[in-house]
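K.L.:
Let's have the full structure, built from the sequences with the hints guiding it.
Going line by line, the protein sequences match chains A and B.
Letter by letter, the first sequence follows residues 351 to 466 of our numbering.
Letter by letter, the second sequence follows residues 4 to 114 of our numbering.
No lab work stands behind these hints, which were simulated from the structure alone.
Just so it is clear, CB atoms sit at the ideal spot from N, CA and C, and this is done for glycine as well.
Each hint should be verified, as a subset may be incorrect.
Said to hold, decoys possible - Per the computed footprint, the stretches of chain B lying under chain A, defined by three or more beta-carbons under 8 Å from a beta-carbon of chain A, are:
#1 45-53
#2 102-113
Stated by the list, open to error - Some, not all, of what chain B presents toward chain A, calculated at C-beta under 10 Å:
#3 VAL7
#4 PHE12
#5 TYR36
#6 TYR38
#7 GLN40
#8 ALA88
Stated by the list, open to error - In the DSSO-like style, the derived pairs of lysine-lysine whose C-alpha atoms are separated by at most 27 Å in a straight line are:
#9 A/LYS392 with A/LYS407
#10 B/LYS39 with A/LYS407
#11 B/LYS39 with B/LYS59
#12 B/LYS73 with B/LYS39
#13 B/LYS59 with B/LYS71
#14 B/LYS71 with B/LYS39
#15 B/LYS71 with A/LYS428
#16 A/LYS392 with A/LYS428
#17 B/LYS39 with B/LYS70
#18 B/LYS73 with A/LYS407
#19 B/LYS39 with A/LYS392
#20 B/LYS113 with A/LYS392
#21 B/LYS39 with B/LYS113
#22 B/LYS70 with B/LYS59
#23 A/LYS407 with A/LYS433
#24 A/LYS407 with A/LYS428
#25 A/LYS392 with B/LYS73
#26 B/LYS59 with A/LYS392
#27 A/LYS392 with B/LYS70
#28 B/LYS59 with B/LYS73
#29 A/LYS392 with A/LYS433
Given next are the chains, with one letter for each unit.
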Amino acid sequence: EPEVTQTPSHQVTQMGQEVILRCVPISNHLYFYWYRQILGQKVEFLVSFYNNEISEKSEIFDDQFSVERPDGSNFTLKIRSTKLEDSAMYFCASRQWGTSTNYGYTFGSGTRLTVV
Amino acid sequence: GEDVEQSLFLSVREGDSSVINCTYTDSSSTYLYWYKQEPGAGLQLLTYIFSNMDMKQDQRLTVLLNKKDKHLSLRIADTQTGDSAIYFCAEIPNAGNMLTFGGGTRLMVKP
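P.N.:
So, in structure tokens, the structure goes:
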């Protein structure tokens, strides 16, 4: 079964450093997403990406965050200057558009980001 | 904004049925989902229901939707220790394409 792959599985970084979280969505999917889950809290939407541009973003996704699809396979989330409160599990997801009755989200296994 | 609420914790004995409940506020929800998260793992889609359905059964899983009360439940029959995980309810509104998650219910299955 096709998978969404995320790397690394765990990243430790110092406060103020830039991090890039990487995702390889399912190849024929058109929509890409980042969600995050702070320990003990809800899974929160960050951003959606379609046709090489951001289609929706939440209040969390401020100027410190950016997303990119640098080639035909990768989808990245960059945090420019990490803060302690950015520590969370970050999930990438992808889906096709309207081809199935369940809107076909597939999530990756997540990257646990720890900012120290 | 939309809100999805779940109870935090459920403990059952192996072989019993588990019922995990969820309430949501967005009346325009089109699809409602149940995801499972095992320790250290990602979010695995278990099942979903379209908003014009009342019930969906998939092997040991039964989803019930009460649209009037905005209440969704997941029943797991013959619960096994391998079902121990966090279960998230989530919904997609009619106008958007992003999931709104509940806080998750931790299911503990005792042998």
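K.L.:
Does each hint hold? Answer for all of them.
P.N.:
Cross-check of the supplied hints:
| no. | hint | in the structure |
| --- | --- | --- |
| 1 | 45-53 | holds (count 6) |
| 2 | 102-113 | holds (count 6) |
| 3 | VAL7 | 8 Å, holds |
| 4 | PHE12 | 13 Å, violated |
| 5 | TYR36 | 8 Å, holds |
| 6 | TYR38 | 8 Å, holds |
| 7 | GLN40 | 9 Å, holds |
| 8 | ALA88 | 14 Å, violated |
| 9 | A/LYS392 with A/LYS407 | 17 Å, holds |
| 10 | B/LYS39 with A/LYS407 | 25 Å, holds |
| 11 | B/LYS39 with B/LYS59 | 17 Å, holds |
| 12 | B/LYS73 with B/LYS39 | 21 Å, holds |
| 13 | B/LYS59 with B/LYS71 | 17 Å, holds |
| 14 | B/LYS71 with B/LYS39 | 26 Å, holds |
| 15 | B/LYS71 with A/LYS428 | 42 Å, violated |
| 16 | A/LYS392 with A/LYS428 | 21 Å, holds |
| 17 | B/LYS39 with B/LYS70 | 23 Å, holds |
| 18 | B/LYS73 with A/LYS407 | 26 Å, holds |
| 19 | B/LYS39 with A/LYS392 | 14 Å, holds |
| 20 | B/LYS113 with A/LYS392 | 25 Å, holds |
| 21 | B/LYS39 with B/LYS113 | 18 Å, holds |
| 22 | B/LYS70 with B/LYS59 | 14 Å, holds |
| 23 | A/LYS407 with A/LYS433 | 19 Å, holds |
| 24 | A/LYS407 with A/LYS428 | 14 Å, holds |
| 25 | A/LYS392 with B/LYS73 | 19 Å, holds |
| 26 | B/LYS59 with A/LYS392 | 25 Å, holds |
| 27 | A/LYS392 with B/LYS70 | 23 Å, holds |
| 28 | B/LYS59 with B/LYS73 | 16 Å, holds |
| 29 | A/LYS392 with A/LYS433 | 19 Å, holds |
The structure fails to meet hints 4, 8 and 15 from the earlier list, while all remaining hints are met.
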